[in-house]
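Asks: Read top to bottom, the protein sequences are chains P and C.
Final position of the first sequence in the numbering used here is 340; the numbers increase by one with none missing.
Final position of the second sequence in the numbering used here is 591; the numbers increase by one with none missing.
Warning: the hint list may mix true and false statements.
As the list claims (entries may be wrong) - Some but not every residue of chain C turned toward chain P, in silico, with C-beta under 10 Å:
1) P439
2) M448
3) R497
4) G573
Stated by the list, open to error - The calculated DSS-like cross-link candidates involving lysine-lysine, where the alpha carbons are at most 27 Å apart (straight line), are:
5) P:K192 / C:K504
6) P:K21 / C:K356
7) C:K477 / C:K413
8) C:K504 / C:K458
9) C:K440 / C:K413
10) C:K440 / C:K419
11) P:K192 / C:K458
12) C:K458 / C:K356
13) C:K504 / C:K419
14) C:K440 / P:K95
15) P:K192 / C:K440
16) P:K192 / C:K356
17) C:K477 / C:K419
18) C:K440 / C:K458
19) C:K413 / C:K356
20) P:K167 / P:K95
21) C:K504 / C:K356
22) P:K21 / P:K192
23) C:K477 / C:K458
24) C:K458 / P:K21
These are computed hints drawn from the structure, not numbers from a lab.
Just so we're clear, the structure is a prediction, and the values are computed from it rather than from any experiment.
Beta carbons: idealized from backbone N, C-alpha and C, even for Gly.
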Amino acid sequence: MAARGGKGWRWGGAVLGVAVLLGFPIVVSDVYLQHLAIFFLLWVTLGTSWNLLGGYAGQISFGHAAFFGMGAYTSSLLFAKLGFPPWPGMLLGGVAGILLALPMGHICFRLRGPFFALSMLALSEFLRLVTLNWRDLTEGAVGILLPPFFISKLPYYYIALALAAATMLATWFLVDSKVGFYLLAIREDQDAAEALGIDTTWYKLVALMVSAFFSAMAGSYYANYMAYIDPPIVFSIVDISIAMILVAVLGGMGTLWGPVVGALVIVTLSEAFRAYFAAAHLIVYGVLIIVVIVFMPEGIVGSLAARGPRWLRPRMATDAPGASQG
Amino acid sequence: MGWMLDVRKLSKVFGGLPALVNVDFGIAPGEIVGLIGPNGAGKTTLFNVITGVFRPTSGEILFEGKNLVGLKPHDICRLGITRTFQVVKPLPKMTVLENVMVGAFARVGTKEEAREIALRELEFTGLLPKRDALARSLTLADRKLLELTRAVATRPKLILLDEVVAGLNPTETEETITLIQRLPERGIAAVAGVEHVMRVIMTISHRIVVLNYGRKIAQGSPEEVGHNPEVIEAYLGEAYAETA
């Protein structure tokens, strides 16, 4: 449906978007704004990776902090104990996320119902308690202090940008293929999906592994950027697990751009309200959830797209060139 | 006989309740078999056991010589048996075309190929004009048609149709029946499960199998089954069986 010259407009928009993203920290030299932009990109990564599993495959996780914290602790410990360089350590953090995802998915995805969601919650709490109490390895509540790797925020910004872009590209690539159709089919009706030849356990596991990989990389990134982690921060139910859900739900589950919009809203609002309400800024999360569920059950992008251009729509996929010409 | 699907002494017990008892039957390639039986006779259970949703308590299910017992529904679909559901299961937030593409992906890997197959099958069943509608917006008749289209798109050798015409008006029933009649020319055998002994099922089926209380009480040509006293009794009660 490239009528109305939509294609040229889209290319123009894409080039402009890339230019803005690449140029932002050069043009905007305010360190605080750069810091917010980095957090925005981090939340794009986290929201997008939760969304692949929760929004597209319909497998809701209440404990993605498990992967985030796993990634954070893996790369940090590798550096602190073995001197392993922290940026390649991000990749190993991601791999650790996959290794954690494998047994979880293998066990939980045979079952239906709330088992997976609750098992994830239990897993992240379990890991929080282990890291808190295994002091010989993790320093417990003292946490791990890392040296700052760069003085300027520029390198941090571009690494966050690369991570967010990689997560979105991976999602887009998967969703736009057979795998994407299968994940949606599983979300929509598992019995029908099985009857149509879909190995539902396997495809759910694939979505979980990709999701865990990027969430854990984001955790490693967070550790490297903040140069300090402790168990309550990286395994936080509210600040990580729930916030990831909120980013995806607010922006629009099962849409590529939803988590981007969700991340923008969450980072902006929680920053604005933190200044005035301190810890009570969490109320904002609660209010947002209610507002979104009541007024925009499909999320911001989902609701707008229903009336907007076809390529924005939450379903996907037949918007490939010529999809509706028959 | 050269059965494609050969069900032998199949039993399924739920708790203490026997839903299927020593059921034997076979399906030949390209055959249309009417599976009839009153509500609760075990038709859906039979479909669920054949397609791997439930494991049988005892018995064998051979498909082209391969034992299906213990396989998952998706394995069985890939071997060539698929089904439709008594309570239809569309993928509601996906379009009609996307629903059928999901089926087509059982045999192909790319979107282009799946789209091509899906469009062809939508044409076969007459749903093509509605390809861009969301599945949840369809009428019951169209949802049933969508399930059939999706099933055909997996390129099966055998389709099990659970309550194919339940809830359809006479015109829709005729249309569905006509479609089922055309399956053998595509090399697809079908088992059409229906609750009532209807003229339409009698006319299209090569063979009829009758279930009652989980047991096969009769099988044969439509005429034979229609005059079988046990079948009449199952549907109408003993008093009628004696006068028939």
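Asks: Compare the structure with each hint and give your call.
Replies: Each hint tested on the structure:
A least Cβ separation of about 6 Å between C:P439 and chain P falls short of the 10 Å threshold, and the interface hint therefore holds. Given hint, C:M448 at the interface with chain P, holds; its Cβ is 6 Å from that chain's nearest Cβ, closer than 10 Å. Residue-level restraint check for C:R497 holds (minimum Cβ-Cβ distance to chain P is 7 Å; threshold 10 Å). At a threshold of 10 Å, the smallest CB-CB gap from C:G573 to chain P is about 32 Å, leaving the interface hint violated.
For the hint pairing P:K192 with C:K504, the CA-to-CA distance comes to about 23 Å; that is within 27 Å, so the pair holds. For a cut-off of 27 Å, the pair hint linking P:K21 to C:K356 is broken: about 62 Å separates their Cα positions. Using a Cα cut-off of 27 Å, the hinted pair C:K477 and C:K413 is violated, with the two alpha carbons roughly 38 Å apart. With a C-alpha separation of about 23 Å, the suggested pairing of C:K504 with C:K458 holds against the 27 Å cut-off.
Among the hinted pairs, C:K440 with C:K413 is inconsistent with the structure: their alpha-carbon atoms are about 36 Å apart, more than 27 Å. For the hint pairing C:K440 with C:K419, the CA-to-CA distance comes to about 26 Å; that is within 27 Å, so the pair holds. Proximity of P:K192 to C:K458 is assessed by CA-CA distance (about 7 Å); at most 27 Å being required, the pair is judged to hold. Our distance criterion of 27 Å between C-alpha atoms is broken by C:K458 and C:K356, whose separation comes to about 42 Å.
Using a Cα cut-off of 27 Å, the hinted pair C:K504 and C:K419 holds, with the two alpha carbons roughly 17 Å apart. Taken as a hint, the C:K440 and P:K95 pair is broken in the structure, with Cα atoms around 50 Å apart against an allowance of 27 Å. Between P:K192 and C:K440 the CA atoms are separated by roughly 17 Å; this keeps the pair inside 27 Å, and the hint holds. A hinted pair counts as satisfied when its Cα atoms are at most 27 Å apart, and P:K192 with C:K356 does not qualify at roughly 39 Å.
Proposed proximity of C:K477 and C:K419 is contradicted: the alpha carbons are some 32 Å apart, above 27 Å. In summary, the hint linking C:K440 to C:K458 is supported, as the alpha carbons are separated by about 18 Å, within the 27 Å threshold. This hinted pair checks out: C:K413 and C:K356 have alpha carbons roughly 16 Å apart, not beyond 27 Å. Distance hint between P:K167 and P:K95 is fulfilled; the C-alpha atoms sit about 26 Å from each other, no more than 27 Å.
Distance restraint check for C:K504 and C:K356: the Cα-Cα separation of roughly 23 Å lies within the 27 Å cut-off, and the hinted pair is therefore satisfied. Between P:K21 and P:K192 the CA atoms are separated by roughly 24 Å; this keeps the pair inside 27 Å, and the hint holds. Restraint check: the Cα-Cα separation between C:K477 and C:K458 comes to about 19 Å, which is no more than 27 Å; the hinted pair holds. The straight-line distance between the Cα atoms of C:K458 and P:K21 is roughly 21 Å, inside the 27 Å bound, and the hint therefore holds.
Of the numbered hints stated above, those contradicted by the structure are hints 4, 6, 7, 9, 12, 14, 16 and 17, listed in ascending order.
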